[in-house]
Amino acid sequence: MNAILSLILSGGVVSMLVAIPLLGVWALPHVFGIHLEWLFGIVIPYFAVIIFFVGIVYKVVQWGKCPVPFRIPSTCAQQKSLPWIKYGYAEKLDNPVSTAGVVGRMILEVLCFRSLFKNTRVEFGSGETITYKSAKWLWLGAMAFHYCFLVVILRHLRFFTEPMPFFVPIIEKVDGFFQFFLPTVYQSGLLLGAALTFLLLRRLLDPKLRYISLVADYFPLFLILAIVKTGILMRYVFKADVVSIKELTMGLVTFRPVIPEGISVIFYLHIFLVSILFAYFPFSKLMHMAGVFLSPTRNLSNNSRIVRHINPWNPPPKYHTYEAYEDDFREKMIEAGLPVEKQAASPAAKE
Amino acid sequence: MGVNRRKFLKIAGISTLGAAAVPAANALAMNPIEWLDKQLGGFTPSEILLHMGHKPTGLKSREALTAKRWAMVVNVRQLDEEIAEACREICHKIHNVPHIKNPKHEIKWIWAEHYEHALPGQYHEHIDENLKKLPFLVMCNHCFNAPCCRVCPTKATFKRKDGIVLMDMHRCIGCRFCMAACPFGARSFNWIVPWPRAEDGKFEGKEPPSPEFPTRSKGVVEKCNFCAERLAKGQIPACVEAAQELCKKKGREPALVFGDLEDPDSEVRQVLRSHYAIRRKPELGSKPNVYYIV
Amino acid sequence: MADIPKSWKVAPPKAWNLTTPEELVQDTDHRRYTLGLEKGWLRTAPDVEIKKGMHCHAALPKRLEDVGMPNPRNWSVMDEDWKLPKNWKEIVLEGFKDRLERFRSFKLFMDICVRCGACADKCHFFIGSADPKNMPVLRAELFRSVYRKYFTTAGKVLGPIAGARELTTDVLKEWWYYLYQCTECRRCSVFCPYGIDTAEITLMGRELTNLVGLNIDWIAAPVAFCNRTGNHMGIQPHAYKDMIEFFLDEIETIIGYRIEPTFNRKGAEILFITPSGDVFGDPGTYTAMGYLMLFEALGLDYTWSTYASEGGNFGLFTSHDMMKKLNAKMYAEAKRLGVKWILGGECGHMWRVVNQYMGTMNLDLAEGSKMEEPVSPITGTKFENAKSTKMVHITEFTADLIKHNKLKLDPSRNDHLKVTYHDSCNPARAMGLLEEPRYVIKNVCNNFYEMPPNTIREQTYCCGGGSGLNAGEDMELRMRGGMPRANAVKYVNEKYGVNKLACVCAIDRAVLPNTMEYFVPEVDVTGIHELVANALILEGEKERTIDLRGEPLPGMEESEDV
Amino acid sequence: MLEKAFIGERKYWILVACLLGIMGVGFIMWLWQFRVGLGITGMSRDVSWGFYIGQFTYLVGVAAAGVMVVLPYYIHHYKAFGRITVLAEFMAIGAVSMCLLFILVDLGNPVRAINVILHPTPNSILFWDMIVLNGYLFLNVFIGWNVLTAERKGSPPPGWIKPFIYLSIPWAISIHTVTAFLYAGLPGRGFWLTAVMAPRFLASAFCAGPALLILLCVIVRKTTKFDPGKEQIQTLGSIVTYALILNVFLFVCELFTVFYSQIPGHMHHFHYLFFGHEGHGNHLIPLMWFAFACMTAAIILLVPSVTRRNEGILTVACVLVLIGTWIDKGLGLVVGGFVPNPLGKITEYWPTVPEALITLGVWATGFLIISLLYKVATSVKVEVGAGEA
Amino acid sequence: MYDGGKIIVGIIIGLVLLTFPIWYTHGMAPKRPEVKLPEKEKQCVQSKEYMKTKHMQLLDLWRDSVVRVAQRSYVAPNGTKYDMSLQNTCMSAECHAKKTEFCDRCHDYTGVVPYCWDCHIPPKEEPKEKPEEMH
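Chains as they are written, first to last, in our numbering: chain A, 162 to 512; chain B, 2 to 295; chain C, 93 to 654; chain D, 10 to 398; chain E, -3 to 131.
In case anyone wonders, no lab produced these hints; they're calculated from the structure. Zero decoy hints are in this set.
Pairs of lysine-lysine residues, derived as BS3-like cross-links and limited to a Cα-Cα distance of at most 27 Å, are as follows: (1) B:K251 / B:K134; (2) D:K13 / A:K294; (3) C:K189 / C:K175; (4) D:K20 / A:K247; (5) E:K120 / B:K207; (6) C:K479 / A:K247.
Simulated restraints, written as ranges between beta carbons of each label pair: (7) A:I420 / E:I4: 36 to 44 Å; (8) C:A246 / A:H317: 22 to 30 Å; (9) D:K171 / E:D104: 53 to 61 Å; (10) D:E320 / C:T112: 46 to 54 Å; (11) D:V45 / A:H196: 51 to 59 Å; (12) A:P477 / C:L340: 36 to 44 Å.
Virtual Cβ for every residue (Gly too), placed ideally from N, Cα, C.
Just chain A, same shape as in the assembly (with noise of 0.2 Å):
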């Protein structure tokens, strides 16, 4: 599977998931009178959103059945040793040894996602050198994306919501804060655009990352790809009947499902590209999500040496006992001076 496949592949799962909406609510009815707006409004959101929750649950129990058997944590910084060796904030919590440490040091993690802010990138000068440069533009990326996608997320809650929770237009006034077009352009879709472009162009266009990434790496990227353009399409230029459609969504929320009528085919598109995200999300990467918080190396302090960590499967220790070991150099260690426990083993000890 090189990188030309892989795009192929995944390119080409997202155009079908793309046509099969289209054929199913626009081409189906005008062809043959079917139709299938219940199968993508209802049906399929519904079983997209129980994979979802299902499959994430298990997935975590299945983590959680797993124990920790060693307290392996990377230790990033200097450890809490003697009371005057530098153990200041960044220590406590790069190298945790509390657990206020140990938290401080996962929200950094999953808010700021402090790892990659360290991010570094080897170049090679000329003859020997080799440099390293601070690289942050994956963290950048990274972060504009996830929290675009945070934003956007919010956003929606005004379909599913009545009344909205006070927060929701907050949101949407800061992130519509510049007016322009009509309706007022969210800077929060625009950008989540941009930073999932960055992210497709750096694993085409870093020969490392071309090598690495499979049809699992493009395919998300494609369907969320897909998802904000479709929405950006169904605010800006297709246009969908927006009460309709909330009508919709807030049947299913509520579980009392309709489908009205008049929503255009962008919208089903856009709400199956949605429920496939879904329904693919648990048996993806997609799950570090949830695995952030699993990750030994990083939720566990560094005080192993100080209390005993417990290994739920440790077995009887099997070792070469000293006995053992006595026996097979006993003559060899006493003409070497050294101390025995059995001083004469055999009665042939040699004078």
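Based on these hints, arrange chains B, C, D and E on the given structure of chain A.
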């Protein structure tokens, strides 16, 4: 959907080479900028883009008053406090100009000044005492070479083809560069919300007097618009109308005259032919379109 | 002396069959993969070329028999047939499943990698070799692809589309080749947004290959020796004592009198354990002399042990069980001798084991012993950070002494040295021992210079030969892996004239001299306690004219002739 | 490299916390202004620009001063400045950021700020100002960061950065020229309608900017292990001296033209600022005199090399220069231009408390940016062993 | 499960956050808003479908056309001409005389806050209102 598609095709057609034969022939008759302007219906390409394929299909209404260059003549000698106040009142009323007591935040479209302020360069102590007392009606001069339009970074203030300098209150970012540029102090800024509204959208305190004309949001600049909205309906500016009515009543020559400066038969041209008229601060070269007969 | 495998003898540079360092560096073409048209890595296993100089020799059957490891046989890496057991696939997959169930780290790291590539250029082997499979992410993917095939639905159904592949002998060979091109240094895990630690995956991978008898002699032999004789070198008790006696002779010529340490002495307060590399190989031996002189200066009530005569633990590079087995001796011996606590010498992975595993695995063995929370008998400092394991790092111990002015030091004796410090990867990234060694160095040397920040502390580079890859036959691999470290040393050498590379790891002391010889011949490798002993003023010592290596001290060049 | 901004001593964090606190207060005040309108400021129909635009104008000068370090280093190969080019560039980043923020808080409709890009208007100087300011910000971020990165790697800066560096020199001149043109091209504002406006701006920029840089260098030396160097500070001191003399000279030229010609439209503004127009006294008169007293004192301190070489005196002189130019440009220039108004009337201006707090908030933001960047720069310098002068 | 407590708490927090809309609405969906259409006037400037989704763009076009190009007459697809004015045409007494019964219904339902009404004046909605005032 259908309507929209037709429009879309129309736009698309303009931009494709195949359909360019006729416009190309037309293009020979005018300069490229004019041609493009015509194709775009007066909109810039970026504006067209912002409308996403909607091409304006508007027309000028038949009853609209049109001109090549609108101008006004103020015959100061025919003015008195009453007329000036009537002009100010009707203007501010129909345009929903708020009455703000704090002079720092005041908004004025048309108002009376003393000679020494209206024409500071031409003032001397020994001037006709009568003239000193007369209310000089001042307003936006709708300069032919308007410094405000020159400095506006968004074309929010712009000069129409008929010479009217207009404010696009939808576009103004409130940088107030135009206020610095205007040598006549004709521009006002909405320092506070002019017509405050409650959460439910109802007006707090006073309601604007005219439901037909929009109010403004805070943070935009505004000024006299030569009653562009009235011209479109075939009416002359409200101040001119009010002044002329009052003058008629008082048996005077009309204090305010309005018309097309490029039309030799227009009323303004006739008045200017028969009276000695000056303009404010002519040395700045802004070429005001408001003339004063003193 | 003891029976030492011939392969341990470091071959002279000429026999390394290497090009010049410049050529070696320029050979690392990181832009080799430019088009995306080459075969994707999922399909490359059959074509993997096992290059000479880039791998170690297979384990001899005797080693495995000694410790009861499976499938002992004579086999060679270069052979087509690796003589696997018939049901090898079953064994590996069963072992895979077992480890997925026992180690959350393994299971999680199989699931959540997003292949962002942040780790890619963090690996010294990738930097030095440009082999894309040395990118940590891809090293792990070699296992993930198999994981997907046998343990995930998507992989079972979609196969390569889901990034899954069959476990074939080619894949197994690829595993083996790249498992033993990873030194488990954890540098990649520092940069991973999810903390994925390739070392964890390599550890599991090595356990799996060991199940079917795929291993390297350079690990299997020490393991077998350590089990029987107590140390990796296979030094028997009398020889061990002989070695120390030899150091005592040397020390006598330096300080003018003889010191007399004890061995296997019951009732001592402290048990001292250091890697046997310090006792056996230069320049570690000078460090061992340093320990002896330091303890003499303090009059410490301590003992050496010939049974627990190994701090290092090649079991870590074999399997968790083997690690436990070899480590158990430390507590067993501490209990037998009735010491209060254990003092550990300068060692790398020994401290990883002590910090991360020892208490968890073997603390039961210390039950009923006289062991208690370590307290320095000289300063009275309680080592609270070793409360549970009761084992103190010697730089912690020495730093505490210096802080309390318990040592008479003359740092000017090290004035001819310009020292830089190499953070050994294990104490740095699996423990956090960063400041103590620096504190000690700065107090015993007047000229200390740091290497560039991206190459020290938690970002330190491996020496290139850790985790059992310190053999002679894989010299090219070692040089390639050591390149980033050597490059940083070269930088300070050129900038400040640094001529001494200090470290706290026996493997470093064994590996880096070759690397330095190759890349930066001006620089020598030393342990920290060699520097300490050089600066240390012992009571009643004669005026020092030579350092521990028998070379004249600064200002004493003439007195040599006297 | 950025991570270095997150590791510091207690003092550093106290500074950061204080700046964040001031920013917070300023932000709350701005939210109020955003809600209520610019009416909460002291500006009015007649004095329609005030403190904000004044600060903007002043800071453009500070930003442009980076060129006084870059130019001698890159064009005249004055090697000593190599140590501090990054400091100058990072100071410029902070200053330009403040400029942009001041424009943003001065807008009546900040939400429509994008209109400047959506409806590009080349005939507006403000449009060009937007371009040159953003361009200058980009150039300095780009150059500063790349040069520092190279320094950290121990390699010379990449060759492709050179064109950008050369471009940044005229660009620095341009930001001040264009800003001067904002004022100088307006008919009917006699105070500003002068061809020496741009040269005056440049002269005051080249004394205020380096003066601030000197102070920052002294602070850096005191608080970090990096010493920007004695020679560097001395050379900057000479630059301040000449530019200050030029600044005062140009002002005197202005005075001559205005008062000898006796044209009222030009003269009244000066009258108002320094004596009070037609009997109107105001807050500004003492300030304006104070400003010129400061500048005169600074000249007296700076011209003799004996006093200038004394770093303590140099520092005092720099403070005087900063205060003098700040009053002159940050307050006098803008207010003086609007009073009296085009109708010859006088409306007084004085900033209100919220206006001052917002201003302070923007300054705090700028200084936070400078602090973070300086933290990075000095850490890198120390790391690569450039600590000792 | 190992660390079961923490993991279960984590799962619960995650589920609670992710199912926010479900428990926030707790099964109560307000009815789809119905706008009150004009009684007399049956013909809008464009089709209903068009207006439903694109009225904002039409209004945007109108405002630019009126303010900037001085073209104030809109020619509907059926040839009828309309004065381009939100206040005076759309919201006239004959058409959508009540903002609260027309605009607001959908806007409130879908959380849309248009800034038209920052400046433009919605028609008075007191019952006493006389239609003559509109002239």
